[in-house]
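Chain residues, written in single-letter form:
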Amino acid sequence: MRAILIATLSAAALLAAGCSTTPEDQAAAGVEDRTGKPGAKPGADTRAVQPPKVAAVDVSKPSASSVSALKDPNSVLSKRSIYYDLDKFDVKDEYRSLVEAHAKYLRENPSARMMIQGNTDERGSREYNVGLGQRRSDGVKRMMVLLGARENQIESVSLGEEKPQADGHDEGAWSKNRRSDILYGGEY
Amino acid sequence: MPNLVRTLIGLALLVAVAQARAQLEIIVTDPGAQRSPIAVVPFAGEAAVGSSLTQIVRADLERSGLFRGVEVPPLAPPPTENTPVNYGEWRSRLADALVLGSVVTRPDGRFEVRFRVYDIVKQAPLGAIAYVFTKENARAAAHRVADFVYEKITGEKGVFSTQIAYVVRRGAAFELQIADADGERSQYLLRSNEPIISPVWSPEGRRIAYVSFESKKPVVYVHHLEDRRRQVVASFRGSNSAPAWAPDGKTLAVVLSVDGGSQLFLLNADGSGARRRISNSNSIDTEPRFSNDGKWIYFTSDRGGSPQVYRMPSGGGEPQRVTFEGSYNVSPRPSPDGRVLAYVTRNAGKFQVALLDLSNRQVQVITDSDHDESPSFAPNGRMILLATVIGGRGVLSAVSADGRIKQRLPFAGGDVREPAWGPFIE
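Chains G and C, in that order, give the protein sequences.
Per the numbering used here, the first sequence starts with residue 64, numbered consecutively.
Per the numbering used here, the second sequence starts with residue -2, numbered consecutively.
Don't take each hint at face value.
Stated by the list, open to error - Derived Cβ-Cβ restraints for the label pairs, each shown as a range:
| id | chain 1 | residue 1 | chain 2 | residue 2 | range |
| --- | --- | --- | --- | --- | --- |
| 1 | C | Asp354 | G | Gly248 | 51 to 61 Å |
| 2 | C | Gln361 | G | Asp150 | 26 to 36 Å |
| 3 | C | Ser212 | G | Lys134 | 21 to 31 Å |
| 4 | C | Gln52 | G | His232 | 35 to 45 Å |
| 5 | G | Leu210 | C | Arg300 | 23 to 33 Å |
| 6 | C | Pro34 | G | Leu149 | 46 to 56 Å |
| 7 | G | Ala229 | C | Ile387 | 17 to 27 Å |
| 8 | G | Asp150 | C | Gly47 | 56 to 66 Å |
Said to hold, decoys possible - Mimicking DSS-like on lysine-lysine, the simulated pairs with C-alpha atoms at most 25 Å apart in a straight line are:
| id | chain 1 | residue 1 | chain 2 | residue 2 |
| --- | --- | --- | --- | --- |
| 9 | G | Lys151 | C | Lys347 |
| 10 | G | Lys155 | G | Lys134 |
| 11 | C | Lys347 | G | Lys239 |
| 12 | C | Lys347 | G | Lys226 |
| 13 | C | Lys292 | C | Lys247 |
| 14 | C | Lys213 | G | Lys239 |
| 15 | G | Lys155 | G | Lys167 |
| 16 | C | Lys213 | G | Lys226 |
| 17 | C | Lys119 | C | Lys154 |
| 18 | C | Lys213 | G | Lys151 |
| 19 | G | Lys134 | G | Lys226 |
| 20 | G | Lys142 | G | Lys239 |
| 21 | C | Lys213 | G | Lys134 |
| 22 | G | Lys142 | C | Lys213 |
| 23 | G | Lys134 | G | Lys239 |
| 24 | G | Lys134 | G | Lys167 |
| 25 | G | Lys142 | G | Lys155 |
| 26 | G | Lys226 | G | Lys151 |
Hints in this document: simulated from the structure, not taken from any laboratory.
None of these values were measured; they are calculated from a predicted model.
Idealized CB from N, CA, C, for every residue including glycine.
Construct the entire structure; sequences and hints are all you get.
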């Protein structure tokens, strides 16, 4: 909620500034609105009060902690693959929390960008498999948008059968290849 | 849409025409029963060229599946196109047709091959012609000779001078290559560390459209063979794939996911103008192919629950279902004369090429392998090139349109796939 509020305020500041501001300006505007005017002096007879700790949110780039969370093996955000049953395109329950975590990350980092690559196993027409992979990645995107990610943060694409994770020609390999992979800006 | 047209010089890619390392090799695995015996007598004086034209002519004719070479004993003096023909003598050698010719060196250093074709059974000359060529183009000249012989005897244009395109994968490296129809003289157009799929020749044969994954998603390019220029023609948000040329060479049908799902669009092949959406479904609509007369677009759609072939008027309109037998019919390719549709059908887990006669609805499965993909008609409609898997490796195979003659084009090292047979070259 707070992130959304700040994003809104930043957007207002952006509009006021004629949309020529840099991302750093967006962040500064957000902080300023929460702390009052900088340089405002406390009253003479008043003890100097430590300004309240401000949870600044930098909307220009993901914070260092959240970036590392994307790579932290202990974070669900480091898990990037969603696997599917044969001829299935819906996200199985076991991957729901994974999708929710990534949707939350996008919600809290409005400048973050994501590519979802849908994949299929090797059987059948390469181009039809591009279509099937697209159906998988579109499904993940739709779910994330319903969970509060913004549409323009996510590009869903398909690699069809062209980028298998496993090279075999049996169900063991195919089940690893029917998947959607999540990549963040900078990773693609 | 910004940057619709971008001429790219890929830094991570070696875009060049260079001699590829390995060559295709053709083996006739099922020569068929009724092959016409033909005697191609070594052309007098061809030793000056440094390579044997007649060997290439013979190999071409045999590879068509319609001819069988007749052993010719050494003849002295070597006959030429001007030697009178003793029909009875050639009949006794069991030849139905005869080719006599010679090669002379011209004052400018180029060569000239002159030859005549005879029908031994009817005891009649069928025609004569001469071609001028340089030493480097001896192979192309031989293909021209074979095309002339083929056309004089069968009444149909030969395809020995045409080219094929295909993709070779070696480990993580992909190459888009072109070669003569016999697999010789292969050269690569594009080398990439990401997949390349769906090459298709423009109608005049000077451009190839394809899908490259070099930007981590499918993007459609048009590659100009003469100056190696690459043009991005579809790089919209989402996936861009399955290019198909309209017969006018100016329009491409493509599949885009920019509006969600996978839908058919028309684009100007030079990247100008706006995209025009021509399919409107909640299903996957893909693999468009224009009929040669430009009236229809055949495509794959799973709007009925399983992937089937449909067609619609090429400007858009109500689709009609074309395939009905089976639960998986994909990759439609209308024949050059528009009478037959080749496609891939799944039979008990096997993917095979089928032909549908569009006038009487008869279906004939013409391959007996398990993993057939990407059928592509020769421009004369007599053969279909396809990708298959043999011994765990991707190879190209060619099958005659009646299914009787099959050839394999194995490749030394790497998986070969995504074949596309080019048009007639003028």
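Comparing the hints with the structure gives:
no., hint, verdict
1, C/Asp354 <-> G/Gly248: 51 to 61 Å, "holds, 52 Å"
2, C/Gln361 <-> G/Asp150: 26 to 36 Å, "holds, 28 Å"
3, C/Ser212 <-> G/Lys134: 21 to 31 Å, "holds, 23 Å"
4, C/Gln52 <-> G/His232: 35 to 45 Å, "holds, 39 Å"
5, G/Leu210 <-> C/Arg300: 23 to 33 Å, "holds, 29 Å"
6, C/Pro34 <-> G/Leu149: 46 to 56 Å, "holds, 52 Å"
7, G/Ala229 <-> C/Ile387: 17 to 27 Å, "holds, 22 Å"
8, G/Asp150 <-> C/Gly47: 56 to 66 Å, "holds, 58 Å"
9, G/Lys151 <-> C/Lys347, "holds, 21 Å"
10, G/Lys155 <-> G/Lys134, "holds, 23 Å"
11, C/Lys347 <-> G/Lys239, "holds, 22 Å"
12, C/Lys347 <-> G/Lys226, "holds, 22 Å"
13, C/Lys292 <-> C/Lys247, "holds, 15 Å"
14, C/Lys213 <-> G/Lys239, "holds, 19 Å"
15, G/Lys155 <-> G/Lys167, "holds, 18 Å"
16, C/Lys213 <-> G/Lys226, "holds, 10 Å"
17, C/Lys119 <-> C/Lys154, "holds, 21 Å"
18, C/Lys213 <-> G/Lys151, "holds, 23 Å"
19, G/Lys134 <-> G/Lys226, "holds, 22 Å"
20, G/Lys142 <-> G/Lys239, "holds, 14 Å"
21, C/Lys213 <-> G/Lys134, "holds, 20 Å"
22, G/Lys142 <-> C/Lys213, "holds, 19 Å"
23, G/Lys134 <-> G/Lys239, "holds, 21 Å"
24, G/Lys134 <-> G/Lys167, "holds, 16 Å"
25, G/Lys142 <-> G/Lys155, "holds, 15 Å"
26, G/Lys226 <-> G/Lys151, "holds, 19 Å"
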